[in-house]
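Based on these hints, arrange chain B on the given structure of chain A.
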Amino acid sequence: MTELNALIHQPTRLRIMAALVSLDRGEQADFVFLQELLDLTSGNLSVHLQKLEEAGYVATEKTFEDRRPKTWIWATAEGREAFVEHVDALESIVARAQS
Amino acid sequence: MDARNAQDDLKAIRRIMHHTRRRAGEHGGWYMIIAGFMWLFGFIGQYFVPQDWVGWLWLAVNGSGLLLMAWVTVQAGRSGSGVKNQLSYPIFVFWLSLMIFDLLLIWLFDISWDMVGLLALLTVALGYVLMGILYDWFISVIGCAIAVLSVGAFLLVPSHFSLVMGILGGGLLIGSGLWLRRGTRS
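So the sequence lines, in the order shown, correspond to chains A and B.
Going by numbering that gives the first Met the number 0, the first sequence runs without a break in its numbering and finishes at 98.
Going by numbering that gives the first Met the number 0, the second sequence runs without a break in its numbering and finishes at 185.
One or more of the hints may lead you astray.
With beta-carbon atoms standing in for the labels, derived distance ranges [said to hold, decoys possible]:
#1 B:47 with A:24: 36 to 44 Å
#2 A:24 with B:51: 53 to 61 Å
#3 B:155 with A:5: 35 to 43 Å
#4 A:35 with B:0: 48 to 56 Å
#5 B:122 with A:24: 22 to 30 Å
#6 B:135 with A:49: 25 to 33 Å
#7 B:135 with A:43: 29 to 37 Å
#8 B:155 with A:98: 42 to 50 Å
#9 B:43 with A:35: 37 to 45 Å
#10 A:41 with B:65: 34 to 42 Å
#11 A:46 with B:18: 41 to 49 Å
Calculated from the structure, these hints are not laboratory results.
The beta carbon of each residue, even a glycine, is placed where N, CA and C say it ideally should be.
So that you can see chain A by itself, here it is in the shape it has in the complex:
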C-alpha cells in the first residue's frame, strides 16, 4: 500500500500539485495564474514552490515577455508520479474505512 507523501500532504502544497498535475504535459502555468487560482500571497506561493522544486516535483523557468518578468511553472514527471501515489494512498484510506 502506498504511503501518504509528507511533502505533498501539506494543504497548500497539495492544492498547488493538484493544479499543476491537472494541466496537460507540455502545459505550463504562470506564477500569477497560480496565485490567483489558489488565492495565495506571492510570498506564500513562492515558499511552497521552492520546497516542491527542491524535491524535484515542480520545475520553473523565468523569462521576459513584453519586457516584463514571467515565471512559468509545471509539474515534473516525478512530481506527477508522487502526486498520483499520494492520491492512491488517500483513496486507500477511504476504501479501508468503507469496507
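Showing chain B alone in chain A's frame:
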C-alpha cells in the same frame, strides 16, 4: 490520517483540478470543433458542387480550416489565461505533416477521389489516436470511432458515404470538441 480527512483532501483535489482546467481553457477542443465543421462543409458540400469541383471544394475547406487552426494555435500561445502549451506548435506541425503525407500519397499513387475521402478520414483517425496517447484516452477513443465509422460507411453505404461522414463524423468531432471545452475532466 482518518478517512474523513482523506475524503476532504480528495474533494479539494477534484475541485482544484476542475477549476484549473476551466481557467486554463480547452484549446484542444477548438481544433476538434474546427475539424468537425470542415467535415460538415466538405462532405455535405460535395452534394452541391459539380464532380469536377470537389477537389477545389476540399482545398478551400482544408485551407480555411488550417488557417483557423493556425490562428487558434497563435492565440493559445498568446493567451492571457496564464497557461501556455509548449506543444502547440509541434502539434500543429504534426497535423500539417500528416496532411502533406496524404497529399503525396494521393499524387504519387494517383488515388481516386472516392478513396481520397477514406484516406483523409483514416489519417485523421490515426492522428487522434496518437494525440490521445499524449493527452487523454478520450481522444484516442474518438480516433478509433472515426476509423470504424469511416470504414463501416465506406463498405456498407458507399452511395451515402459523404452524407454519413459529414453529419455523423462532423457531428462527432464538434460534439467531442465541445465536451473537451467543458473542462470537466477529472
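Hint numbers not upheld by this structure, sorted from lowest to highest: 2, 3, 4 and 11
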